[in-house]
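Asks: Spelled out from the first residue to the last, the chains are:
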Amino acid sequence: MRLRPRSIRTRLALWFTAAMALILLVFALAVFTVTRASLWDQLRSNLDLEMGAVTAVLDHDPDELEELREHGAVELFIVQQKDTVLYSSTPWLESQLPEVSSILDSGRTLSAAMSSDEFVIKADRVKVSGNEYIVAVARNEEPIHSSLRTLALTIVLIYPAALLLSFGGGLFMTKRLLSPIGHMARKAKVLTAERLSERLPIDNADDELGQLGTAFNDTLVRIEESYSRLKRFTSDASHELRTPLTAIRSVGEVGLREGLESSEYRELIGSILEETDRLTRLIDSLLTLTRADSGHFQVLKSRLNLRDLISDVLDLLGVLADEKSQTIEATISEDIYCNADKQTLRLALINVIDNAIKYTQIGGRIRVAALALDGEKVEITIDDSGRGIPSEHLERVFDRFYRVEEERGGNGTGLGLAIARWAVEANGGTVTAANADGGARFTIVLDSA
Amino acid sequence: MHALIIEDEIKVAGALRRGLEAEGYEVVVANDGDEGFARASTGKYGIILLDLMLPHRSGLEILQSLRAEGLQTPILVLTAKDAIDDRVNGLDAGADDYLVKPFAFAELLARIRALSRRGRPQTADSMNIDDLVVNMSARRVHRNGVLVQLTAKEFDLLSYLLRHRGHVVSREMLARDIWDEPRRVTPLDNVIDVHVARLRRKIDDGHEVPLIRTVRGVGFIIEHALQ
Chain A
35 MRLRPRSIRT RLALWFTAAM ALILLVFALA VFTVTRASLW DQLRSNLDLE MGAVTAVLDH
95 DPDELEELRE HGAVELFIVQ QKDTVLYSST PWLESQLPEV SSILDSGRTL SAAMSSDEFV
155 IKADRVKVSG NEYIVAVARN EEPIHSSLRT LALTIVLIYP AALLLSFGGG LFMTKRLLSP
215 IGHMARKAKV LTAERLSERL PIDNADDELG QLGTAFNDTL VRIEESYSRL KRFTSDASHE
275 LRTPLTAIRS VGEVGLREGL ESSEYRELIG SILEETDRLT RLIDSLLTLT RADSGHFQVL
335 KSRLNLRDLI SDVLDLLGVL ADEKSQTIEA TISEDIYCNA DKQTLRLALI NVIDNAIKYT
395 QIGGRIRVAA LALDGEKVEI TIDDSGRGIP SEHLERVFDR FYRVEEERGG NGTGLGLAIA
455 RWAVEANGGT VTAANADGGA RFTIVLDSA
Chain B
12 MHALIIEDEI KVAGALRRGL EAEGYEVVVA NDGDEGFARA STGKYGIILL DLMLPHRSGL
72 EILQSLRAEG LQTPILVLTA KDAIDDRVNG LDAGADDYLV KPFAFAELLA RIRALSRRGR
132 PQTADSMNID DLVVNMSARR VHRNGVLVQL TAKEFDLLSY LLRHRGHVVS REMLARDIWD
192 EPRRVTPLDN VIDVHVARLR RKIDDGHEVP LIRTVRGVGF IIEHALQ
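So the sequences go chain by chain: A and B. Take the first sequence: its position 434, counted from the start at 1, is 468 in my numbering, and no numbers get skipped. Take the second sequence: its position 88, counted from the start at 1, is 99 in my numbering, and no numbers get skipped.
Just so you know, the hints here were simulated from the structure itself, not pulled from any lab data. Do not take every clue at face value.
These stretches of chain A come out as covered by chain B in the derived footprint (C-beta under 8 Å, 3 or more residues) [to be verified]:
{"id": "1", "stretch": "299-306"}
{"id": "2", "stretch": "310-320"}
{"id": "3", "stretch": "348-354"}
{"id": "4", "stretch": "382-392"}
Where is the CB? At the ideal position from N, CA and C, for every residue including glycine.
Please put together the full structure from these sequences, using the hints given.
Replies: If you want it as structure tokens, here you go:
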């Protein structure tokens, strides 16, 4: 198994140090190479200068060669005519350098190791006032080697210290940078379903960690919303289920009293059955919505003629409006098509139009219209002449079990508009509620086809 | 007719037995899968009511084994699983029909009647009860010799009630058979009630004893006025 430090902090510092090590290594090698090359260059150009000096003195006055050495301008040199040595500086002799002729044979410069020291020798033939001489100058290599040794030693000593420093610096920096994560983690640990209102602390909303924290907090907001919706739904649902159950129970208890007529028993049992029926329908509706929530519901979209679909729904529900002496006007052009699943869209229309009939007074009117919007969408509007919806409730009319007036115990389940919204949204559309023309207006927007 | 009920819920089985016996069936109850299978494969029954969730042996297994043995008896599956897959599986395995719990007893009776009627020609051209005469092909209705004007829906409703005369017809049955609605949405119940109320007004107004009655919490029934 690979060794892997657990904290991001250590890992970052290690990566940082590794990068630093590589950079420093390249840097040190470069410094070393360049220094070495320039030291050697300098040595060679010094040899050239010395050669020039010796030649110049030779040309001017060969007797001054001794002075040249004494003044220290040139340390090691020799002047020969053929094999006869004309002048040789004392250090040259002491250094026991090789024969100049052999140097000339093997090239003009050469390194020679003599005793413990190494030398670079440069030899050349020069012509001065008609005579040919052999001139050679030499320099000890030792100063170069010693400089390079010192440089290498310095590098070797400084390198680990620099690495240590960079690791420490890396740890310090990452600690500073990552400290908000620790805060967030501690805060996140105390988040529970009961404490969803807590938020993560954000030091700087603009940096990466701040963005992460903001995204997390936004998610928390959504979770909190859906959780509270779920809580409200559960409590509403249990209330709705409890109401018929309470009725069944009390009716049953009444029925157990003695001395009732058989017709009275029938009444009681009938009322129990009615409540049972209501429970069944409620559970059916809840199941429809639950299945929709779980995403198992599949819609089969096709090209639907809205005029046909709406007339079908109005045929079905017309009697309900008729009973309340309401008029329903439908203005739908013949060739308006939408792309939707017939069953679910029909369900949505049934629920929305039934809602309009229910909340419109006797003798009122309901208008259903469909029109094409910019070729991409179609819009169905259902207007009624009822009391409208209090504006603060517009958002919530589609909530499950939501009723504008507390008219529980009525015939509805309080799920009609919730089912309508689900059915429209399952078809990729939207449904909204508003107040317009002295009543409520529901608007359904769908893809056209 | 003999009926076999294979159902492990004692209360449900007891209620079904009492209800069917009241309708004149002779009823045998089996409370688990093994007993149910043994009784079904040895006895002779006119109808078998089979619960799908059973101890020992699932309803689907029983269904498949019985059909594999060549049993022809109509089998009505009762299930609490309201999922398309279960219905399809049940019908594939050889069920003749299915009912999802909770169901109305009236509906169960209607299904049993329909299953035992199968293969027999039915529906005369003219049906009558007391002084009400319904001509099916002409779609005309007379009460006491007077023509009653009905809408198409009202006529369908009346003839459906007449076909089930003497038996309660539930709103579920009407929603499915007359309105052709796959699911029973709340508005539909109101629609059904309005149509039935109008039909009753046209048929029974002005007559001393009504033919069509509402059975509270269950549905509607048409029967002899004298009963």
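Asks: Determine for every hint whether it applies to the structure shown.
Replies: Comparing the hints with the structure gives:
Only residues whose C-beta sits within less than 8 Å of a C-beta in chain B count toward coverage, and the stretch 299-306 of chain A has 6 of them, enough to reach three; the restraint holds. Remark: the stretch 310-320 of chain A is confirmed as covered by chain B, as 6 of its residues place a Cβ nearer than 8 Å to a Cβ of that chain, reaching the required three. For the stretch 348-354 of chain A, the assignment as covered by chain B holds, since 4 residues bring a beta-carbon within under 8 Å of that chain's beta-carbons and 3 suffice. Only residues whose C-beta sits within less than 8 Å of a C-beta in chain B count toward coverage, and the stretch 382-392 of chain A has 3 of them, enough to reach three; the restraint holds.
Every hint from the earlier list agrees with this structure, and none is contradicted.
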